[in-house]
Amino acid sequence: MTREMTHDGPDADHRLDGMAQGVLGRGEPRPEGALKVTGRAVYTGDQQAPGMVHGALVRATITRGRVTTLNSATVLEMPGVLAVIDDPRLVRFSGQGATTKPPKADAAGVVYHGQPIALVVAETLEQARHAALRLTVDYAEEPGAVTGPEDPAAEVELPQKKQSETGAPDAALEAADTVIDRIYRTASMSSAPMEPHASLAEWQGGKLVLHSTLQMLASAQGQVAAALGIEPEDIRILAPHVGGGFGSKLGISPETVAAAIAAQQMRRPVSVVCTRPQSMETTSRRSETLQRIQMGADDEGRLTMIGHEALVSNLPGQKFSEPVQQATHFTYEAAHRRVVHRVARVHRLVAASVRAPGEAVGATAFECAMDELADKLGLCPVALRLRNIPKVEPGTGRPFSSHKLAEALTEGARRFGWEHRHASPRARREGEWWIGMGMSSLVRVNTVMEAKARVSLSLDGTALVETDMTDIGTGSYAILSQIAAEMLGLPMGSVETVLGDTDLPASSGSGGSFGAASTGSAVYLACLELRSRLAEAMGCPEPELTLKDGHAIHDNRKVPLSTLMGGAAMQAEGHLIPGEAEDKARQATWGAAFAEVGVNAITGEIRVRRMLGTFAIGRVLNAQTARSQALGGMIWGIGMALTEELVHDARDGHIVNRDLAEYHVPVNADVPALEVHFLEERDDWAPMQAKGIGELGICGAGAAIVNAVHNACGVRVRSLPMTVDKVLAGLVEAEADQG
Amino acid sequence: MRAFDYIRAGSCKDALAEAETPGTAFIAGGTNLLDLMKHEVMTPARLVDISRLDLRGITLTDAGLRVGALVSNSDLAADPLVRRHWPLLSRALLAGASGQLRNKATTGGNLLQRTRCYYFYDTAMPCNKREPGSGCAAIGGFNRIHAILGASEACIATHPSDMAVALRALSAEVELLAPGGGRRQVPLAAFYRLPGDTPHVETVLEPGEMIAAVLLPPAEGGRQIYRKVRDRASYAFALVSVAACLRMEQGRIAAAALAFGGLAHMPWRSADVEGTLIGEVPSAALFDRAADLLLAEAKGQGDNDFKIPLARRTLAAVLAEATAEDTEGDRA
Ligand SMILES: Cc1cc2nc3c(=O)[nH]c(=O)nc-3n(C[C@H](O)[C@H](O)[C@H](O)COP(=O)(O)OP(=O)(O)OC[C@H]3O[C@@H](n4cnc5c(N)ncnc54)[C@H](O)[C@@H]3O)c2cc1C
Ligand code: SF4
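Protein chains in written order, with the numbering used here: chain A, 865 to 1603; chain B, 224 to 555.
Isolated chain A (complex conformation) (with noise of 0.2 Å):
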């Protein structure tokens, strides 16, 4: 029996909270997390099979062309090396989120630098490696490569959808009090998850089995199918552990494609794990920004206009588009507005989602721009963002399923301190540094995909969920695990939850911060199902049932399940089916960031001495995987504003810092005391009245970073990260005119 559930609009029943069992919400460890931290858990990587082989991609060293000839003899000839594949359905670059539609094939014709080619199989992963690097290739180079989107070259468009104007945004730009017109950019990004992209293939009696590092399975199901011409039926994906994401696994990879011809060819399996740089340089990157933001305000810090151009970039013929503005069409009030939205075309590693497309880079700059506002209107930070909140959404007038922001920002505000701020730069000073204090809003579009997972109750007292969702380390198997607990009635340890295999039904996958909420909802659902049946068998309505400890109770009745179930095992079927809600009602989530920085006044070094986010995001399911995602929000905030950038070469557009060592996350050294606090909320319009959380904190983090160097040392930063160089320069600027 499936229980099936349109989401069409709000819900005001709040069914889990009439719960018994009273594990959702609790800081449930994850279940998984022994296992984790032993090394027990197997991760891509590190499947091994019988008779399996190695292969290793070989990449392009040119930036627009066609490779004619690949010199494979020499490397055939090298110790155990078997083949060197070159199947015209090998794919260029990694495939976006949420679709069956698989990354470009015909792997031959290059369009970056770095792009994978073919891909070298040998018996060992170090003779594969080396014959991949020693095989030469002859190419028909192209002339008319563009390497950077600022290139003058570069062309550019413009996507219909994707402007809008509101009013007569010059006309009241011309006719406010106050005006900002900015410039902001933001780096090209790399998710950088820990994990490798690796793949291991396997076909099984003309099924393939396919171990993948992937973050969605159904839809990457699909991108294989289509990629190999083969039905996705004949395919199984397995990804029980998923050492991180952040987008770049949204898709299938290189590897992946790659993997499976091979295997076909080889007749054995095949495993082919990314090299860090190849990690880097054959996926997915977060597009560079060039933001022009505009904001005209009357004397009382009202938004009259706002303005938001972004020119972003991506592949010839790529849909995707870092999607900017997303959040300004409703953060704030303003009657009049313009969105222009560029995209140039580049040879550049292909632009995909990465944690928090959009607002990461669009709310960031943004939040920039607000304080530079609040600077020049004389007004608190804090006092001109709630001076500006739209009680509808503006533009459509659609109400906003819960909002949030004023409270994160006041209760935000009163628990960091921020009255101890001094409002002008260069007032606090320890020894070399300037001490500064910054805010910014946060928010982030929400939204849920559709969803399906399976509960089995046994007679011996314990559920079995099932369904293809994947853990990327966020705690799906805990939040999971705890919904069902937690609706029928059972301790955490009588609950197994098990994931990321595409043999169970179908599940939103992990991204766009909607797994918990999508995938936890279809578990809800099957649950209900079985409380249905239960009540059925005990005789009163399900409402009015009580599951507790494995016990059913009503009135003054107490069953044991197994007793209840009359001797068979119970299964359910839930399925999440997005609807109209989400036309009917803005839904986002909302929050606010607080920093308080060291610049130091010699060399320009910045160092985050605290941190404080204030998040709503609906139920919160599990207290602590929420501070966790709220925790790596932030520091993703920390390295968007400091450290982070993935440098093209301007003279190929291959990217130069392909490693860890040189691709800079921030590290345990860089990362303050956070402090993270949950404002209490139910959304209505979100099934289980929960929201997302993974992408929540980096949506603006960035940006009170960059508005604390400006209050502490009196240099804005326009163009991040905000390396030494940049402040140093700022630094030297401001004592040159100081005299």
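Keep in mind that the hints were calculated from the coordinates and are not lab data.
Keep in mind that a hint or two might mislead.
[Said to hold, decoys possible] Below 30 Å or equal to it, Euclidean Cα-Cα: the simulated DSBU-like pairs (lysine-lysine) are:
hint, chain 1, residue 1, chain 2, residue 2
1, A, 1590, B, 522
2, A, 1183, A, 965
3, B, 327, A, 900
4, A, 1026, A, 1448
5, A, 1412, A, 1422
6, B, 261, A, 900
7, A, 1071, A, 965
8, A, 1026, A, 1255
9, A, 1255, A, 1448
Since the structure of chain A is already known, use the hints to place chain B with the ligands on it.
For chain B with the ligands alone, kept in the frame of chain A given last:
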């Protein structure tokens, strides 16, 4: 990775004999060499593992401190004698890499670690250091971490070690063992080479020669400071670093030894800079003069232009700290 033969040396003599075969490299901690081998930036046909040799001692002699080539960076940084008399060395070590790496990394290996130039690591790029005669991709490329002093048209790479900068300021010497049984001692000042037209030749080590120890002359007294400017708070190489040993007498600078990291193909030291300081009363103008001398020949490559003002400011700050009156002796 290219296949290689692995030989575990039982004694220094064995190791040296094995190293006579061309294409042989020593491996100590392996924290640099293994990475380079995986990327095939270095492709030795034979590895002689010296990590089990008895070169782990730290001993105080009349001539100073003798540090065996295999003393780990962690052990050296934690050594009580080092912390007491050469705190500069301890601080420089602790400013480098990460705890895990320092546990593995050795004194000899640290001195011989190769540049972190991005293009050196990418075998698809021209690089005179990796492949003599192929060109230098960093010139005209992304060169934010590259040299502003002593670079050549063939190579603008920097030496990445923090430890070596401290050792240079401390006037350390390197003890080398030759395959034929010879033993020589080379001041660090003469150990490294500027790139010139042969950037692949980085030191005066002869083929098969092995570092046996590093020798530190007795500590001079005075104040010792290591200051490293980097892109993140830890686990990043120096953009600019300054190692200073400075002694004041009656309000004047009596002795000054200054070495700089992140600026050149080797730890940089300038007799002119030190000469201008010695005998003088500290002042901002004096520090400025010292910086002028240090940077007179400095040349930016575009992305690394900022190192010029950064080095100037960092030097001034270190000198101010080293000569400040309010504190005495070493500071933790
Ligand atoms: C991510 C990362 C970050 C780092 N950050 C820093 C940093 O911030 N600052 C810093 O200073 N360092 C840093 N390091 C470098 C680290 O200090 C060196 O890798 C380490 O010191 C090398 O020592 P090893 O014993 O492992 O050398 P190995 O890798 O074993 O050898 C390096 C070289 O020295 C040769 N060699 C080794 N011992 C001898 C000997 N006795 N005689 C002759 N030849 C010998 C080897 O043949 C090889 O060519 C970092 C390294 C990594 C990987
Ligand atoms: S700077 Fe030196 S190491 Fe770097 S590419 Fe040029 S030659 Fe090679």
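Comparing the hints with the structure gives:
no. : hint               : verdict
1   : A:1590 with B:522  : holds, 19 Å
2   : A:1183 with A:965  : holds, 12 Å
3   : B:327 with A:900   : holds, 24 Å
4   : A:1026 with A:1448 : holds, 20 Å
5   : A:1412 with A:1422 : holds, 10 Å
6   : B:261 with A:900   : holds, 26 Å
7   : A:1071 with A:965  : holds, 20 Å
8   : A:1026 with A:1255 : holds, 24 Å
9   : A:1255 with A:1448 : holds, 15 Å
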